[in-house]
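Between the sequences and the hints, there should be enough to build the whole structure, so can you do that?
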Amino acid sequence: MATKKVTRKDLMAAFWRYIWMSQCGWNYERMQSVGYCYSMLPILKKTRPGKEEFKEAFITNLNFYNTNPVVGTPLIMGAHVALEEAGASLDTTEGLKVGLMGPLAGVGDTLVWAIYNSIIFSIGSIMSLGGNAFGPIFVMIFIFFPYMAVRYWQYMWAYNQGTNLLSSLGGGAIARITELATIVGLIVVGGFAPSIVRLTTPLKYSQETTLAGEAITQTVEIQSSLDSIMPYLLPALVTYLAYWLLKNKGWTPVKVIFLLIVVGFIGGALNIFG
Amino acid sequence: MRILTALILAAFSYIAIYDMLSPNFLMLARPLVAGFFTGLIVGDVQSGLLIGGTLELMALGVYTYGGATIPDYTVGAILGTYFGKGGNFETGIALAIPAALLLTQVDILNRFLNFVFVHRADTYAEAGDDKGFDRMMVWTSHMIWGFSRFIPVFLAIAFGEPLVKAVSSFFDTFPWINKGINTVGGILPALGFAMLLKILPVEKYPAFLILGFVMFAFLKMPLVGLALFGVAVALVYQYLKYEKKGA
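Sequence lines, in order, name chains A and B. For reference, each letter of the first sequence is one residue, going 1202 to 1475 in the numbering used here. For reference, each letter of the second sequence is one residue, going 315 to 561 in the numbering used here.
Hints were generated in silico from the structure; no laboratory data involved. Treat the hints loosely; a few may be bogus.
Pairs of lysine-lysine, DSBU-like flavour, derived with a Cα cap of 30 angstroms [claimed, not checked]: (1) Lys445(B) with Lys1210(A); (2) Lys1448(A) with Lys512(B); (3) Lys1206(A) with Lys445(B); (4) Lys1252(A) with Lys1206(A).
So this is what it looks like as structure tokens:
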């Protein structure tokens, strides 16, 4: 049994560096690399006391790195610390980072941004729109405590699991959590989208008919006809259109925003929508 | 007085962007929270709640997946609340959306300019100078990002009043512009949901998306109920898929 090179103090120093700086200096070239390297330096100094070996690790850990900063980076860091302590080579630790950052970006973005934040923030927004100042306070409470807990827990768990982590991830634990999150996400988005996206039409269709010898005007509201086909038909269609442009046409989000603004503005101004 | 408010709100925008980059303590950069704090600072919490809440619903699910640039609803909420205070909700929203869009250009620029940090980091690493690298990270690594929000917010509040007055009187003259903007506000959330759907495997599991839609649109299930329903369905699905074989 090798002696522990990394003390509790080093472990926490790296964790707090991650909390304070994880995405500072983010850039298109290597994304979160500087923040990640900065977080790991206290560990690298302990595990690689020689000047040259430290320098080599310093340079290597500035390689491209990007994943979800909340559910992702702490897990990778915890496993990385454990590998460093076990005397793993730089090839191994880089392999760990590259191997986990892609899948964890997907899991983390789905869990944290798509599901958890969407639920918390739509509840908070609805309270706020009712004039209730507890809306934003509710959101801040439900961000601060769960985020701190989930980041610390992941980091310590990955560190304690150490080198077993890679095999346990292969064992399907992460795959099952991802699947669970995905299903909840799809169901929630299916209902959230029509509850938030607002699109109706005030258009009416009139025609002159003769009923029992009297000329009368029949008016049909297009919106109520649409509702009888399917409630929230227009919001569903516009959401699908945006999805299709992003996914199948490769449009950027900003381009889709401009399209929605132009169509919405013209439609609203001309009383086609509203 | 206005210069002081401009400075305080500009400093808030810096802190909010920093919170989004790293600590993620309070999500200050989300429009709901930024609108609330701006409301507290300018002494009109109600406007902050309304404008922040409205922008938050537009931005729901809009996050920087993989570093993609999104409209800057943080600056939108700050400027929208400041200029919309005292019951000028329409003016606030009408300013917030173009401000958020204009800042997308700034965001791309600052994400690009940040390459200076990674190049300086390389130099520090070659020299084995971790102290120098630490200093750069702590003191400067957030500056390009922070000032790219600080400066526009400061300028808009310190010198933007005549512009804003002109804009709001313009809207009073042409009410159809407000109708257009309201419609835009209603359909913009479609983008956030589209971004969520893009990262979710819709084509693999279309049934769950339809189920969620039906529960809300036809059966009027409230949102918290829908989330719990989703968890239950997912657990049953996994139970049937994984546990049943062993039973």
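Each hint, compared with the structure:
no. : hint                       : verdict
1   : Lys445(B) with Lys1210(A)  : 19 angstroms, holds
2   : Lys1448(A) with Lys512(B)  : 6 angstroms, holds
3   : Lys1206(A) with Lys445(B)  : 21 angstroms, holds
4   : Lys1252(A) with Lys1206(A) : 17 angstroms, holds
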